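Chemist: Start from the sequences and build out the full structure, keeping to the hints where you can.
Line by line, the protein sequences give chains A, B and C. Taking my numbering, the leading residue of the first sequence gets 1, the next gets one more, and so forth. Taking my numbering, the leading residue of the second sequence gets 1, the next gets one more, and so forth. Taking my numbering, the leading residue of the third sequence gets 1, the next gets one more, and so forth.
Treat the hints with care, as some may be off.
With a straight-line cut-off of 20 Å between C-alpha atoms, the simulated DMTMM-like cross-links for lysine to aspartate or glutamate are [to be verified]:
| no. | chain 1 | residue 1 | chain 2 | residue 2 |
| --- | --- | --- | --- | --- |
| 1 | C | Lys91 | C | Asp116 |
| 2 | B | Lys257 | B | Asp98 |
| 3 | A | Lys184 | A | Glu134 |
| 4 | C | Lys91 | B | Glu79 |
| 5 | A | Lys90 | A | Glu40 |
| 6 | A | Lys266 | A | Asp308 |
| 7 | C | Lys91 | A | Glu123 |
| 8 | A | Lys90 | C | Glu3 |
| 9 | A | Lys90 | A | Glu123 |
Just so you know, these hints were derived from the structure itself, not from any lab. Being a predicted model, the structure only gives us computed values, none of them experimental.
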Amino acid sequence: MAQIELEGVEKVFTVWARRGRLRRQRTVVRAVEGISFSIEAGSLVGYIGPNGAGKSTTVKMLTGILVPSAGRISVAGLEPSSQRIELARKLGVVFGQRIQLWWDLPLLDSFELLRHIYRIPAERYRENLDAFVELLDLGPFLATPVRQLSLGQRMRGELTAAMLHDPEILFLDEPTIGLDVVAKARVREFLTRVNREQGVTVLLATHDLADIERLCSRMLILDRGRVIYDGELQALRDRYGDERTLIVDLEEPGPPIDVPGARVAKVDGPRQWLTFNRRETSAAELTAAVAAKVGLQDLAIEEPQVEDIVRRIYTEGVA
Amino acid sequence: MRLYWELARRGYRRYAAYPGATIAGIFTNTVFGFMLAYVLLAVFRERGEVGGYDASDAVTYVWVGQGMLMTIYIWGWYEVALRVSSGDIATDLYRPFDFQLYWLAQDLGRAAYHALYRGVPPFLVGAFVFDVRLPQEALLWPAFVLAITLAVCVSFAFRFLFNLAAFWLLDYRGVGVLAMVASTFFSGQIVPLAFFPDWLEAVAWALPFAAMVQAPIEIFLGNARGLELAGILGLQAFWAVALLLVGRSVFAAGTRKLVVQGG
Amino acid sequence: MGEVLALAGIYRRLVGARIRSQLQYRLSFALNLIGAGLISFLDFAAILVLFGQVDALGEWSVAEVALLYAISSVAFAATDLAIGHLDLLPKMIREGDLDVILVRPLGSLFQVVSSDFALRRLGKGLQGLVILVVALVAVDLDWTLGRALMLVVTPVAGAFIFAGVWIALATIAFWLIDSIEVANAFTYGGNFLSQYPVNIFGSWLRRFVIFVVPLAFVSYFPSLYILDKEDPLGLPLALQFVSPLVAVASVAAGCLVWRFAVRHYRSTGS
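Modeler: The following block contains the structure:
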């Protein structure tokens, strides 16, 4: 049995909206409709989808916060909704928009409290804390109250808090939201390390595709409550990423280049973007064809962006 | 003038948008009405008359008081203080209308809503269960409505004043709580002022709180006729005007401080 | 047993952190404490005013009512101190703090209860104790071991009776966010009710505070025993001794209601 298993999971919400003075209208929202997938221990999986797709709802069901309306969930051999507390010991959870640390206490005090809440043996706690302090460079602000920390510092604190008790699985819901470039890189590095070195299973729910690109090999794409793609990132690229772009810098600005097998997507002065289908034309052939027609000064090749692929999938559906 | 009418309507609508809270409030007032009525009735089992009240007066007093509670809204209002402490007050100072009257107009609209929907229902319940006395003279009804309106003004002026503490104190809630304490007791909400020992009763009437709750009830009970009626209404009007004026000068002082210090 | 000790340790640490941060601002804390005491004294002032006009309320003298009031005050203050912050539950739900709680390996009620400990609410308790002492002297109590024991046990039992009721009431926040006022009607109403002798209330209300929300067991019944007073209601003597049992039942009922409410929250989402 895989470490995380979902089978036919559904979540239905009833929303009451007020209509007029006293009447209320009932709307049924199907946040998650028949999701099934499994994740083996030690994987690093991306879970992406636009807002409202059901990502957070799934994570909440996996952690036992929400009870599914239908279907079966198994996490680390436990059923989340009925065995919440037992499961909580094996999980680390990071909510991007909510803080688990204690707001007016120094960071270190939060860790101490967690040590007792999770009953972490003193020795292990020391080891982990030292390791994370070094890995995430927490030293300078261990004594600072959490409410005075910057977003990036807080997130590093949150990651530590989630990992102190050596969880088997780490769930993250939008961890890089609002972070600057450097902070994001730190978070990603951290996740890669805990996954690779400690074998922690990581499920990363996000709509930041750069996270996915850099971190995950496997990704699940969610749209309107359903999983529309479950597979390797590269496979996604291979399957949908037929289009590559050749960016050419001409010696001098000119009209759009007309070359078989390529389409001019954009022209900006001497620079032109030519898109082509890699199955039909190779980059080398195209370059040669372009060079034959105009004077080339420089060129570059752009791979299909995951973002574009995903956008295509959302708008056109899975082929 | 048109503007203030619109503001009053807005105040009304703001509270009308939460029927759930209103129903919950009616429930609260009704429960407390029962409890207070029983306590006062226990007093009248020992004596037939206290401070010029008989049992029926006392019970009427309780139910009118509970009905009026939310209308007058003596405590729990911190909107102005919140705006001051958050700094939003700065934008308010640029607006082309009078700050105090802006809030007064909205409060009157709110009071109208609460009088109708939180004032009347508990009173009806009380009137149904207990031996409540209604005003016999026709003149007393409009006088009562006028008294309520004036009471709201006095209450608002007082609330506005202690909200202004936010200009000088970080912990304005502390002041608010003290104000609540004093106003609750001395307005005659828990025990009618007529029950107070003479010296305490005199103190109570010297304070503005009596004008908020006790005054309209006295009119309702028919204890103030003719000259006395005019006297009570006059007292209320006096406090309303006095507190509003004090509020204006304190506000001016507060904004001066704000401008000088830069918030 | 080890489990209970571990939880007690966690509670101590969580609450300790809150207490420490409150004590940081000495002056503000002292003022709040005094303020709380004064505010709660108003309730007693009202009782004094009433007794300025009569000698007895429902066959209870002023000293006897003072005793009722004092016991109820101390019990209420103790509960308020420990779980008064349950009234923050609507805010916690709204801001998603409840989700954070559900992710930790601890019971949800335990976490909410250990999230604060507002020391300033001691003010009401201190005021209650002062009035208790005065009342005991004024009543000229015939001290026996039994009465002394009852005097010590009663506020504790009363505190737990209040606690069970409040926990159950707080769960209203899971169903109706903007109707939390209903809970206030009961908590402050309950406080008011337990300050006065139950026999002055109408029969339906009397039955309510004895059989439905057992507030009569906070101070009324135990006080009858302490004062060696005959029950104006003529109810069985046994009722004067069962407050501890009622306390256990109240807390148990409160916790059950809480579990049910959290289950509902987890099924319907936020």
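Chemist: Check each numbered hint against the structure and report the violated ones by number, ascending.
Modeler: 7
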